[in-house]
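Asks: Each chain, written out:
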Amino acid sequence: MTKMIPDMAGRDLVWAIKNPELLGNIPLKHWDGLLRVAKRANLIGRLSKNVKQQKFFDELPEPVRNQLYSAGVLTSHQRAAIDWETRHIARALEPIGVPIILLKGAAYVLANRTAADGRLFGDVDILVPRAQLNSVEAALMVHGWASGQVDSYDERYYRQWMHEIPPMTHCERGTVIDVHHNILPSTSRTVPNVELLHESSQPIPGTIFRVLCPVDMIIHSAVHLFHESELQNGLRDLFDLDSLIKEFSGQGASFWQDLVDRSILLGQVLPLYLALRYTKAILASETPEQINVLLERETRLGQLELAVLDTVYLHALMPDRPDGNDISTLLARFAVFLRGHYLRMPLGLLSMHLIRKFFLRLFRNTSRSI
Amino acid sequence: MSSSRHQVGDLSLAALEDILGEGRFALQTGNLISRIKSSFSDVARSIHVLYANHPYLIDPDFADFHVEVGQPQNLRRWFKRQAEFLIDGERPFEPLPRDQAPAFLEWGLNWAIAASCHQWLTIHAASLERNGFAVILPAPPGSGKSTLCAALALRGWRLLSDELTLIDPELISAHALARPINLKNASIDLIQEFEPNTVWGPEVYDTAKGRVTHLCPPAESVARMQEPAQPRWIVFPRYESGAKPLLTPRGKAQTFIHFAQNSFNYSPLGRTGFDIAGQLVGQCACYDFAYSKLSDALEVFDWLSSTPPHIER
Chain A
1 MTKMIPDMAG RDLVWAIKNP ELLGNIPLKH WDGLLRVAKR ANLIGRLSKN
51 VKQQKFFDEL PEPVRNQLYS AGVLTSHQRA AIDWETRHIA RALEPIGVPI
101 ILLKGAAYVL ANRTAADGRL FGDVDILVPR AQLNSVEAAL MVHGWASGQV
151 DSYDERYYRQ WMHEIPPMTH CERGTVIDVH HNILPSTSRT VPNVELLHES
201 SQPIPGTIFR VLCPVDMIIH SAVHLFHESE LQNGLRDLFD LDSLIKEFSG
251 QGASFWQDLV DRSILLGQVL PLYLALRYTK AILASETPEQ INVLLERETR
301 LGQLELAVLD TVYLHALMPD RPDGNDISTL LARFAVFLRG HYLRMPLGLL
351 SMHLIRKFFL RLFRNTSRSI
Chain B
1001 MSSSRHQVGD LSLAALEDIL GEGRFALQTG NLISRIKSSF SDVARSIHVL
1051 YANHPYLIDP DFADFHVEVG QPQNLRRWFK RQAEFLIDGE RPFEPLPRDQ
1101 APAFLEWGLN WAIAASCHQW LTIHAASLER NGFAVILPAP PGSGKSTLCA
1151 ALALRGWRLL SDELTLIDPE LISAHALARP INLKNASIDL IQEFEPNTVW
1201 GPEVYDTAKG RVTHLCPPAE SVARMQEPAQ PRWIVFPRYE SGAKPLLTPR
1251 GKAQTFIHFA QNSFNYSPLG RTGFDIAGQL VGQCACYDFA YSKLSDALEV
1301 FDWLSSTPPH IER
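Chains A and B, in that order, give the protein sequences.
Take the first sequence: its letters are residues 1 to 370, numbered as in the numbering used here.
Take the second sequence: its letters are residues 1001 to 1313, numbered as in the numbering used here.
Don't read these hints as lab results, they were simulated from the structure.
Please read all numbers here as calculations on a predicted model, not as lab measurements.
Misleading hints may appear alongside valid ones.
[What the hints assert, rightly or not] Ranges of calculated distance between the beta carbons of each label pair, as one might list FRET restraints:
(1) E155/A x K1293/B: 56 to 64 Å
(2) Q1226/B x T114/A: 23 to 31 Å
(3) P1245/B x Q54/A: 52 to 60 Å
(4) G1270/B x P95/A: 30 to 38 Å
(5) P1169/B x L354/A: 35 to 43 Å
(6) S1012/B x L306/A: 36 to 44 Å
(7) A1253/B x W84/A: 21 to 29 Å
(8) D117/A x E1090/B: 35 to 43 Å
(9) L354/A x E1090/B: 22 to 30 Å
(10) P1245/B x P95/A: 33 to 41 Å
(11) L306/A x A1260/B: 54 to 62 Å
(12) R189/A x E1090/B: 48 to 56 Å
[Unchecked claim] Straight line, CA to CA, 27 Å or less: simulated DSSO-like cross-link-like pairs of lysine-lysine:
(13) K49/A x K246/A
(14) K18/A x K357/A
(15) K52/A x K18/A
(16) K357/A x K1080/B
(17) K1037/B x K29/A
(18) K1080/B x K1209/B
Yeah, the Cβ is synthetic: ideal placement off N, Cα and C, and Gly gets one too.
Please construct the entire structure, taking both the sequences and the accompanying hints into account.
Replies: Structure representation (structure tokens):
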């Protein structure tokens, strides 16, 4: 299994997270490299949680203990911060009576999924019916959230083409909320029927929020990862996916078949197939072989296409190296960047969008602040 | 931790430039090891001067931070040149003008410590030790805290830190870093007049901050940088032109709230932060201090350090 991981640092990080009990005697120099990669990959929280559970934790060298302890402080704090933030969001949106589905990190925390453990969170993501997007946006504005300085191009990008409105930042707390009306942009090639997601969503007891049902949560995680154009958190997202699958697969005999059927219904077979393929290749996750065969047949991928996807993703999902990525990772990330954009919008729109993006990047960094 | 106790001043500038350029140089401040990479000669010169008395390591097995001060990858590499600060290859800040590279290293390290080290409560304050006990000087910018800190450090007080007061959660002791003291504008002239026999880093002009430079910490402070000290006094300094020195007691609750609002990691530490701040305030005598002359201030602090600390609980 680990032979498929092309990168030493990546292999080492995955091994460390999955086998924390073996970290008791590794040399200090090994810790130096491991902690740096874990920080870049946003996986130090997960590593920290696993190592802190080991009996040898107190005997680890002090600087190592300090870093792991500090990472734990941050993840607990952020978890509490998400909880706090969702209360504010609930206060703002409860009066309008819209069904609100929490997505990603916030969903993992409030629904108490194991994927939340050791994770560092950024924005809160919610999914609301498109028809009520305006009332949601208005209610948030009344309670202190505001869209940042987006120019008219970005406005159009979001409102016309994307599946979300521009991110809104709270004027006092500085927290960010992303309001989605679908899990994929309207300009994508395969737009899922979001009504189905709402129908199967489940309430979180004691809150006004809902979460996607288990198979939808997995499919969404897979869709998100394999439509992404930036993969700095790719390995982290893969670990999340793996946690979700492990947590739900034990909950019913029909789980796997339900997962496959649902992915076909939502038109997202390829992302699910890739998710299972790469969690198996990189994280050695157990997936029933007949499920893989079934999905592979559904995707109708040719051997050549599969080989290209493998080369790209096995490299692109590797963590960033603190001292600079090697050429294969850079090329793979670039390929993913293009693929992510290609999947999001038709070719004509895409070329204009990318030209503009590169032009702007040449001249950024003209302001300064600390 | 490798136990090489060579000091940066033992290296020739050329040798330092070499290992700094290769990213093999690491500086020890307190118990923290920072691996630094830079091919900028002004950064090398600044380190050579400001950290002359600090221990260094070459290619240590472990470093708490891996930072770099270098050139941006975009067009700003060549025109209106800039410097950028990287930690583990990431850029937490926008670049600064090229001539501020040495100062950028200092500010970047401050941020790295404040943002990553949660084994301590990190308060935005200066701290110094005398006769075994420490005084903490919290203060908003412009209150003269740095000038006072520099003066005390040059007159027999051991410098623990000028910006980051690190409080241990178990013993409520203050840990030392003994790093260069950041001074601005008129403070620079004041301290140069106060003590002509001092060593300074390069001075730069920043449009927002004005004149900025760093003062080399006294050798004694650096030699004892691994010794923590028990805080016994918290003094809020306030420079007032023409003021007679006046030390007035300050409410503990008010001081506690100040710490809660002016610590870098009070919130992330949660309950632990609350407990540390509470115990710290409990074991210290808290004062406000107005002054206009450094000589007056030194007298008052001398008096403070000679009285047995009255501990209220």
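Asks: Each hint needs a verdict: does it hold in this structure or not?
Replies: Hint check:
Judged by the Cβ atoms, the range 56 to 64 Å given for E155/A and K1293/B holds: they are separated by roughly 58 Å. Taken as a hint, the range 23 to 31 Å is violated for the pair Q1226/B and T114/A, whose Cβ atoms sit roughly 41 Å apart. Remark: the range hint 52 to 60 Å for P1245/B to Q54/A is upheld by a beta-carbon distance near 55 Å. A hinted range of 30 to 38 Å holds for the C-beta pair G1270/B and P95/A, which are about 31 Å apart.
Judged by the Cβ atoms, the range 35 to 43 Å given for P1169/B and L354/A is violated: they are separated by roughly 50 Å. For S1012/B and L306/A, the hinted distance range of 36 to 44 Å is not satisfied, since their beta carbons lie about 58 Å from each other. The hinted window of 21 to 29 Å between A1253/B and W84/A holds, with their beta carbons roughly 24 Å apart. Evaluation of the 35 to 43 Å hint for D117/A and E1090/B yields a failure: the beta carbon distance comes to about 24 Å.
Between L354/A and E1090/B the Cβ separation comes to about 24 Å, which falls inside the hinted range of 22 to 30 Å. In this structure, P1245/B and P95/A break the distance hint of 33 to 41 Å, their C-beta atoms being roughly 58 Å apart. Under the hint 54 to 62 Å, the C-beta atoms of L306/A and A1260/B, about 56 Å apart, fit the expected range. Distance hint check for R189/A and E1090/B: the Cβ-Cβ separation is about 34 Å, which falls outside the suggested range of 48 to 56 Å.
Pair hint K49/A plus K246/A holds up; C-alpha atoms about 18 Å apart against a cutoff of 27 Å. For the hint linking K18/A to K357/A, the alpha-carbon distance of about 38 Å lies beyond 27 Å, and the restraint is violated. Restraint check for K52/A and K18/A: the C-alpha separation of about 13 Å stays at or below 27 Å, so the hint holds. With a C-alpha separation of about 23 Å, the suggested pair K357/A and K1080/B falls inside the 27 Å cut-off, and the hint holds.
Among the hinted pairs, K1037/B with K29/A is consistent with the structure: their alpha-carbon atoms are about 18 Å apart, no more than 27 Å. The hinted pair formed by K1080/B and K1209/B meets the criterion: a straight-line CA distance of about 19 Å does not exceed 27 Å.
In terms of the numbered hints stated before, the structure departs from hints 2, 5, 6, 8, 10, 12 and 14, listed from lowest to highest.
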